[in-house]
Amino acid sequence: MTEQEVDKLLQKISNQKMFGETEKAIANLHILNNEFPKEKKYLALLASAYFDADSMDTAEEYCTKALEIDPDYAEAHEIKGLIAEKKGDNELAEKYYKESVSKEKPFKMGYLRLVLLYYKLERYDEAIEQAEYLLANFDKSRNEYPAEDQRKIFAQWLSFAYNRLYSSLIRTGQFEKAADKINEYVAFRSNYVKDPYQFLSEDELLFKLYHAAKETEKMKESEEKMLNHYMVPLDVVESMKKDVEQGYIESANPDNYTV
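Just so you know, we're using the numbering used here here: the sequence shown kicks off at 46 and counts up by one.
Take the hints with a grain of salt, since some may be wrong.
Cut-off 27 Å, straight-line C-alpha distance, at most; resulting in silico cross-link-like pairs (DSS-like, lysine-lysine) [claimed, not checked]: (1) Lys197 with Lys153; (2) Lys150 with Lys86; (3) Lys265 with Lys239; (4) Lys222 with Lys148; (5) Lys148 with Lys132; (6) Lys259 with Lys239; (7) Lys143 with Lys110; (8) Lys153 with Lys185; (9) Lys85 with Lys110; (10) Lys131 with Lys165; (11) Lys69 with Lys85; (12) Lys143 with Lys165; (13) Lys143 with Lys85; (14) Lys86 with Lys197; (15) Lys185 with Lys83; (16) Lys222 with Lys287.
Derived DEER-like restraints, expressed as beta-carbon distance ranges [as the list claims (entries may be wrong)]: (17) Thr103 with Leu137: 28 to 36 Å; (18) Glu269 with Lys143: 30 to 38 Å; (19) Pro299 with Glu80: 31 to 39 Å; (20) Ile198 with Ile114: 47 to 55 Å; (21) Glu290 with Lys150: 43 to 51 Å; (22) Arg216 with Leu272: 26 to 34 Å; (23) Leu166 with Tyr275: 33 to 41 Å; (24) Asp280 with Glu174: 21 to 29 Å.
Bear in mind the hints are in silico, worked out from the structure with no lab data behind them.
It should be emphasised that the depicted structure is a prediction, and the values quoted were computed from it without experimental measurement.
Beta carbons: idealized from backbone N, C-alpha and C, even for Gly.
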């Protein structure tokens with residue numbers, strides 16, 4: 046199989062996985078594995094595909110084969126972590142995710158898995174630590190990337206990291222810092238999202254955070270934007286203020302919006 050044929054088949058497999066054609070992806074990955082039985086990448090891809098198909102034992106088997114070839118292969122450790130998490134063993138999942146980032150080569154997805162796991166377990170300080178490290182150390186020139194590459198990393202990891210980071214900051218009472226991170230998030234997406242009404246949910250959250258932090262000038266600016274840019278009715282804006290007073294930052298109290 047030539048390099049061009051491999052690349053073509055890998056693209057086909059990627060599309061099949063994207064559109065939920067997992068059985069077809071597995072069949073094509075077996076073709077690659079038969080051609081290159083000692084290639085750890087294809088073994089890990091098979092493990093990932095079997096994971097998607099809920100065949101956990103088979104997925105683990107292929108992870109083990111990949112690690113026999115390279116005990117430090119981060120992608121295989123990540124998949125073993127996903128398997129453990131799927132089985133409800135969060136402690137073991139954490140162990141594997143930590144192993145995936147302990148290797149010499151930096152591994153972005155391992156840090157993201159730790160962020161998601163810690164957030165799920167409500168270990169917000171640890172989620173913040175890992176998310177901040179992730180944002181500071183990967184795709185550091187992302188603001189200069191072409192729009193298509195920015196969209197790609199946003200979907201792959203950036204949105205998850207920012208969302209869990211500012212939510213964790215909110216849940217630990219760090220409202221000003223949470224607002225800063227939301228503004229970073231919006232600034233990045235504004236590089237390629239030009240719809241002026243795209244960021245309503247982020248601006249609603251900023252409105253609440255500025256009120257929670259009692260940042261007077263920003264409160265005024267934010268309220269002005271809600272009323273005159275998004276055309277949110279005054280009674281809804283007042284209800285959002287009540288939410289803040291009652292501790293509803295990321296959510297809303299329906300009773301405050303009852304006519």
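Holds or violated: lysine 259 to lysine 239, with C-alpha atoms at most 27 Å apart
violated, 30 Å
Is it true that the C-beta distance of arginine 216 to leucine 272 lies inside 26 to 34 Å, as the hint says?
holds, 28 Å
Hinted pair, alpha-carbon criterion (27 Å max): lysine 153, lysine 185. Please report holds or violated.
At roughly 12 Å apart (the allowed maximum being 27 Å), lysine 185 and lysine 153 satisfy the hint.
Go ahead and decide if the range 28 to 36 Å is satisfied by the Cβ distance of threonine 103 to leucine 137.
Hint violated: Cβ distance 18 Å, outside 28 to 36 Å.
Holds or violated: 33 to 41 Å for the Cβ distance of leucine 166 and tyrosine 275?
holds, 35 Å
Agreement of lysine 185 and lysine 83 with the hint, judged by alpha carbon distance not exceeding 27 Å:
violated, 34 Å
Supplied distance hint 47 to 55 Å, evaluated on CB atoms of isoleucine 198 and isoleucine 114
The hinted range 47 to 55 Å is violated for isoleucine 198 and isoleucine 114, with Cβ atoms some 29 Å apart.
What's the verdict on lysine 131 and lysine 165, does the C-alpha distance respect the 27 Å limit or exceed it?
holds, 13 Å
For the pair supplied as a hint, lysine 143 and lysine 165, confirm whether the alpha-carbon distance does not exceed 27 Å.
At roughly 16 Å apart (the allowed maximum being 27 Å), lysine 165 and lysine 143 satisfy the hint.
Hint check: lysine 265 vs lysine 239, CA-CA at most 27 Å. Holds or violated?
holds, 24 Å
Restraint check for lysine 143 with lysine 85, where alpha carbons must lie at most 27 Å apart
holds, 20 Å
Does lysine 86 sit within 27 Å of lysine 150, going by the straight-line distance between their CA atoms?
holds, 15 Å
The structure does not agree with the numbered hints 4, 6, 15, 17, 18, 19, 20, 24 stated previously, though it agrees with the rest.
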